[in-house]
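Listed in order, the protein sequences are those of chains H and G. For what it's worth, the working numbering labels the leading residue of the first sequence as 647, then goes sequentially. For what it's worth, the working numbering labels the leading residue of the second sequence as 18, then goes sequentially.
Hints were generated in silico from the structure; no laboratory data involved. Glycine included, C-beta positions come from ideal geometry on N, C-alpha and C. Some hints here could point you the wrong way.
To be verified - Every beta carbon over 12 Å from chain G, so not counted as near; a handful from chain H, in silico:
1. ASN663
2. LYS668
3. PRO712
4. SER718
5. ASP731
6. SER732
7. SER753
8. VAL759
Unchecked claim - No farther apart than 20 Å at their CA atoms in a straight line, the calculated lysine to aspartate or glutamate pairs in the EDC-like style are these:
9. H:LYS665 x H:GLU713
10. G:LYS124 x H:GLU713
11. H:LYS686 x G:ASP46
12. G:LYS87 x G:ASP103
13. G:LYS87 x G:GLU61
14. H:LYS668 x G:GLU61
15. G:LYS124 x H:ASP731
16. G:LYS55 x H:GLU690
17. G:LYS124 x H:GLU690
Unchecked claim - Chain G side only, calculated, beta carbon under 8 Å to chain H, not exhaustive:
18. TYR50
19. SER59
20. GLY60
21. PHE64
22. TRP83
23. SER112
24. LEU120
25. LYS124
Below, each chain spelled out in residue letters.
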Amino acid sequence: ETGVTQTPRHLVMGMTNKKSLKCEQHLGHNAMYWYKQSAKKPLELMFVYSLEERVENNSVPSRFSPECPNSSHLFLHLHTLQPEDSALYLCASSQVLDRGGVYTFGSGTRLTVV
Amino acid sequence: AQKVTQAQTEISVVEKEDVTLDCVYETRDTTYYLFWYKQPPSGELVFLIRRNSFDEQNEISGRYSWNFQKSTSSFNFTITASQVVDSAVYFCALSEGYGNNRLAFGKGNQVVVIP
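Using the sequences provided together with the hints, build the complete structure.
Written out as structure tokens, the structure is:
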């Protein structure tokens with residue numbers, strides 16, 4: 647049990663579908679992150695929420711839409727994705743005021759776009 | 018510019034051999050933190066160690082050891098007497114002394130331990 651739970655673990659969706667990825671943390675952290683991990687590529691930071699406010703959006707296409715309703719939950723809403731969006735999507739959390747704070751990661755959602 | 022460089026992409030070793038993973042970082046800050054994470058096949062990144070820039074002591078934890086050298090901007094990781102369970106991707110990461118502790122990851126080292 648990592649303290650950060652992601653659902654679903656696997657997701658196959660068509661390019662016209664709409665789906666959402668969910669992340670929940672029970673660590674009392676106040677920052678949450680979405681990362682994309684594609685084969686043969688480094689981890690890409692997509693979004694950062696600090697104290698429930700989005701503080702970073704790294705040029706991510708609008709077909710990805712994050713939502714952070716409270717400090718424990720983070721969603722990634724997906725619509726009209728492309729096959730190149732197939733990847734492992736990792737959620738992480740940390741304590742934002744703790745400099746050098748350790749990130750705790752979830753197990754990820756393996757997304758396949760067909 | 019890449020802030021964390023892990024040059025070796027895939028490393029294969031025979032069980033019980035030692036393996037060293039190189040990590041070279043780049044920063045202008047005097048205060049920063051370095052990390053190593055392990056990503057087993059299950060997917061989640063597991064925290065292994067954090068080191069701040071003012072602590073250059075090397076560290077040993079069981080079969081794992083870390084060598085931090087500020088003079089060469091390196092934070093290398095050695096697994097001694099490797100085991101099959103060590104097969105994973107290992108990431109080095111840097112957090113600089115500004116903003117919201119953003120982690121910059123290297124590309125990772127895929128370690129394959131052959132029984």
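Right, here's what the structure says about each hint:
The non-interface label for H:ASN663 is consistent with chain G: the shortest C-beta to C-beta separation is roughly 22 Å, beyond 12 Å. Residue-level check passed: H:LYS668 sits 15 Å from the nearest beta carbon of chain G, beyond 12 Å. Every Cβ of chain G is farther than 12 Å from the Cβ of H:PRO712; the closest lies at roughly 15 Å, confirming the non-interface assignment. With 12 Å as the threshold on Cβ separation, the claim that H:SER718 sits away from chain G holds: the shortest Cβ distance comes to roughly 18 Å.
The Cβ of H:ASP731 sits about 17 Å from the closest Cβ of chain G, beyond the 12 Å cut-off, so the non-interface label holds. Every CB of chain G lies more than 12 Å from the CB of H:SER732, the least distance being 15 Å, so the non-interface label holds. With a closest Cβ-Cβ approach of about 4 Å to chain G, H:SER753 is found to fall inside the 12 Å limit, against its non-interface label. The Cβ of H:VAL759 sits about 18 Å from the closest Cβ of chain G, beyond the 12 Å cut-off, so the non-interface label holds.
Proximity of H:LYS665 to H:GLU713 is assessed by CA-CA distance (about 13 Å); at most 20 Å being required, the pair is judged to hold. Simply put, G:LYS124 and H:GLU713 have alpha-carbon atoms about 28 Å apart, too far for the 20 Å limit, and the pair is violated. About 29 Å separates the Cα atoms of H:LYS686 and G:ASP46, which puts this hinted pair outside 20 Å; it is violated. A distance of roughly 27 Å separates the Cα atoms of G:LYS87 and G:ASP103; the hinted pair therefore is violated under the 20 Å criterion.
As the CA atoms of G:LYS87 and G:GLU61 are separated by approximately 29 Å, the hinted pair breaks the 20 Å bound. Under the criterion of a C-alpha separation no larger than 20 Å, the hint pairing H:LYS668 with G:GLU61 is consistent with the structure, at around 15 Å. Pair hint G:LYS124 plus H:ASP731 holds up; C-alpha atoms about 19 Å apart against a cutoff of 20 Å. At most 20 Å may separate the alpha-carbon atoms for a hinted pair to count; G:LYS55 and H:GLU690 meet this at roughly 17 Å.
Simply put, G:LYS124 and H:GLU690 have alpha-carbon atoms about 10 Å apart, close enough for the 20 Å limit, and the pair holds. Hint on G:TYR50 holds. Least Cβ distance to chain H is approximately 3 Å, under the 8 Å limit. Because the beta carbon of G:SER59 sits about 6 Å from the nearest beta carbon in chain H, less than 8 Å, this interface hint is met. With a least beta-carbon distance of about 4 Å to chain H, the hint placing G:GLY60 at the interface is held under the 8 Å criterion.
Interface hint status for G:PHE64: upheld, as the beta-carbon distance to the closest one in chain H is roughly 5 Å, under 8 Å. Look at G:TRP83: its Cβ only gets to about 15 Å from chain H, farther than 8 Å, so that hint breaks. Hint on G:SER112 holds. Least Cβ distance to chain H is approximately 5 Å, under the 8 Å limit. Nearest Cβ of chain H to the Cβ of G:LEU120: about 6 Å, under the 8 Å cut. The hint holds.
Using the Cβ-Cβ criterion of 8 Å, the hint placing G:LYS124 at the interface with chain H is satisfied: the shortest such distance is roughly 5 Å.
This entry does not satisfy hints 7, 10, 11, 12, 13, 22, going by the numbered hints stated previously.
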